[in-house]
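Q: Chain residues, written in single-letter form:
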Amino acid sequence: MADTSPPTPEPPAAATAQIGVDSWVSEEDQRREGRKWLGRTWERLPPAGKLALLTPAIAVPFLPLSEANIYNYGLFILIYALLALGLNVVVGFAGLLDLGYVAFFGFGAYIYAFLSGTHHEKGHVYTHHWAAQWSILTAVVMCAVIGLFLGSSSRRLLGDYLAIVTLFFGQAFVVFTNSADPYGITNGSNGLGNIDPLRFFAFGASFTVSSTRGYYWFLFGCVIVVLIVLHLLSESRTGRAWKASREDPLAAEMMGMPVNRLKIMAFSFGAAIAGLAGSVFAAAQTGAFPQNFGTQVLILIYAVVILGGTGSLTGMLAGATAIIVSFQVLDSTSPPNNARTLFYLSLVVGVVVIFKKSRAQMAVAVASTVALGFALHAIVHEVWPRGTSGQVTSGGYLTGAIKHWVLLPTNPNRLAVYGYLALIVLVITIVQLKGWWRVAVVPPTIVLTAFVWENLLIQQPAVTRYVLFGVLLIALMATRPQGLFGTAKVEIA
Amino acid sequence: MLKLDGVDTYYGPIHILQKLELEVGSGELVCLLGGNASGKSTTLKTVLGIVKPRSGSVEFDGEDVTGRPTSYRIGKGMAIVPENRRLFAPMSVRENLEMGAYLHGGGTKEDWDRVYTLFPLLHERRAQLAGTLSGGEQQMVAMGRALMSRPKLLLMDEPSMGLAPILVEKNFEIIQQVHESGVAILVVEQNANVSLAIADRGYVLQTGRVVLSGPAAELLRHEDLRKAYLGR
Ligand SMILES: Nc1ncnc2c1ncn2[C@@H]1O[C@H](COP(=O)(O)OP(=O)(O)OP(=O)(O)O)[C@@H](O)[C@H]1O
Ligand SMILES: [Mg+2]
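Chain order of the listed sequences is L and V. Here the first sequence is numbered in numbering that gives the first Met the number 0, starting from 0 and rising by one per residue. Here the second sequence is numbered in numbering that gives the first Met the number 0, starting from 0 and rising by one per residue.
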């Protein structure tokens, strides 16, 4: 009898495994489709295109700002972008943990101050007024050389040793400039004032950068030049050799790369960029003071690098902008209402990130948060009138909403501290919870956060900013471990 | 081409290679056999200068290179396919190959052509990240990477580890092809049968000593070796 059963249909080609066709690769295009349109376009843009888009994006927002705001925001963003770009060579490209990086920033500033300025040292007056281009060049070269020596000192540059040696170096710099200086050349904790502005002499003509806006544009140029140089470098054979020796030093050695020399080179390169940033910074603030180069500056630079995405150049700009804007907004001299705006904005972003998978959950959480706040306020107002009779601290456009949504007791200190502790517990709980349990816990957490903020943290913005940074970095770690612009790690499977 | 003379290599206090004598002639294919932990990889590392012998000498291409760093030896014409391949995972196939020719300016057009002709698949996958390749594909990259520097002496540490039988055979065909183009090869293998079949000569290591050496055909017939490695 003939076989009448219909032939088994061939499964569609794409669904089966095929020899010589890697499913990961064949699916790559689909994965790309799936990504957000904006990110995709950005990724496909050639580097020159990225630069052409970025340049005005950084420059334009600063045009209408006042001189003071250009100094606080524009100048600092660019200085930190420059510092982060340099540290990125050391940490991102070569994979070295340099905890003394900030000292090179300091060296740059002090070297510029010595070469272009008037100083009193133990009774007699020193004046050198070198043209800015030579002072800057000297600062850059000297930082590179110091970096070379420091790098070679911990010859094998084994992770932990390098970290300790550089940490010591960074601390020693601050101690020396502050107090341990026997000849008084750094003028101790008073630092060096009377520094020349950037004054370039060439071919008999001179040009002086005299306004904050001028410094902004000068730094802007520096950042663009450094960006281009670093881009070319990272695309060069040396750049790839850095990457290779970071990934697998032994294999790199086996390919004939001088791994140690490459590392020392990266170290010194980073130091040189920090020196550039330092010298321009000294000129811009017409002074160099020990406290400008302390550990907290180092932490900020690292925050920029980590937030921006280690190894990514555009990431450094984004990181510097995010960190410096939030840092300056949370400064005690900035109007508290700016800090408030930033705070509530980050709350909103936090909620969006937490519920990015489910719109329904987000809607429920937001609605119940709003309701919970008003309800609580109404109940407390009836039961314990003192609990709502406090004042809104320097309220602005949000005063009305806060007055009816957040509990403001007349004497909130102790309550706020308890609230703060409870908040820590709640936040840790949220991280552990999933799905609708999380939806249930988020509203009380947000209400409590607002309570703690309005009653406690807003009065201490300087402390708050470090708390906020910590939270920001932890949140980033959880959602995007590679940083804003970094690429995800690939491991040999 | 290569001559190890009375080489003693230590890891700290542990004496690994003991008075090792080994030679690879110009254009010769030599196979290094031995059980686990017998010192095969250590021999290659000593040849390459990753570890330095405490006594004895390494001579390469008529020059004593005992005191020279790895980069010097690579520049002079050594290349290695390391144990476990050791590719640079987050870098593309192309970049991995380029790193093989690091000391030669990233490779000339002929170098690229030669490698891509030998492994057409690598050309097809040149943009893929090495870490996402299959084991067999990674082996090709490791081999191509070593060949990018136009070596005179190619060192290979277990090139067929983790390959399916059919790929092992293919792999050895390629090794032979490279050999026929005039490159001297020192290959470490567990698979004595296949490797001796294409080798000119062979050495057998045991706890860091050469216990047996000779022409490949002779080793294949040797009683002890058959018992120890070929299982018959
Ligand atoms: N870096 C090291 N430090 C200390 N001991 C080592 C080191 N590398 C290898 N050894 C030891 O040296 C001995 C020889 O190692 P080697 O890697 O040369 O063996 P092998 O012959 O290649 O073995 P296999 O076939 O398993 O790869 C082993 O006992 C190993 O434990
Ligand atoms: Mg081995």
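Since the hints were made in silico from the structure, they are not lab data. A hint or two may mislead.
[To be verified] Here are the computed lysine to any residue pairs in the SDA-like style, where the Cα-Cα straight-line distance is at most 20 Å:
#, chain 1, residue 1, chain 2, residue 2
1, V, K75, L, E252
2, V, K108, L, T285
3, V, K108, V, R149
4, V, K18, V, V210
5, V, K169, V, V210
6, V, K2, V, G26
7, V, K51, V, D63
8, L, K356, L, L249
9, V, K151, L, E252
10, V, K108, V, H122
11, L, K355, L, A439
12, V, K151, V, G61
13, V, K51, L, V440
14, V, K75, V, G34
15, V, K2, V, E62
16, V, K169, V, G135
17, V, K108, L, E234
18, V, K51, L, P248
19, V, K51, L, N259
20, V, K51, V, G26
21, V, K108, L, R236
22, V, K169, V, E179
23, V, K51, V, E62
24, L, K402, L, P384
25, L, K49, L, F219
26, V, K169, V, R113
27, V, K75, L, P257
28, V, K51, L, L98
29, V, K18, V, G34
30, L, K402, L, R358
31, L, K402, L, K355
32, V, K75, V, G181
33, V, K51, L, L249
Computed from a predicted structure; not experimentally measured.
Q: Checked against the structure, which of the hints given earlier come out wrong?
A: Hint check: 2, 5, 8, 13, 14, 20, 28, 30 and 31 fail, others pass.
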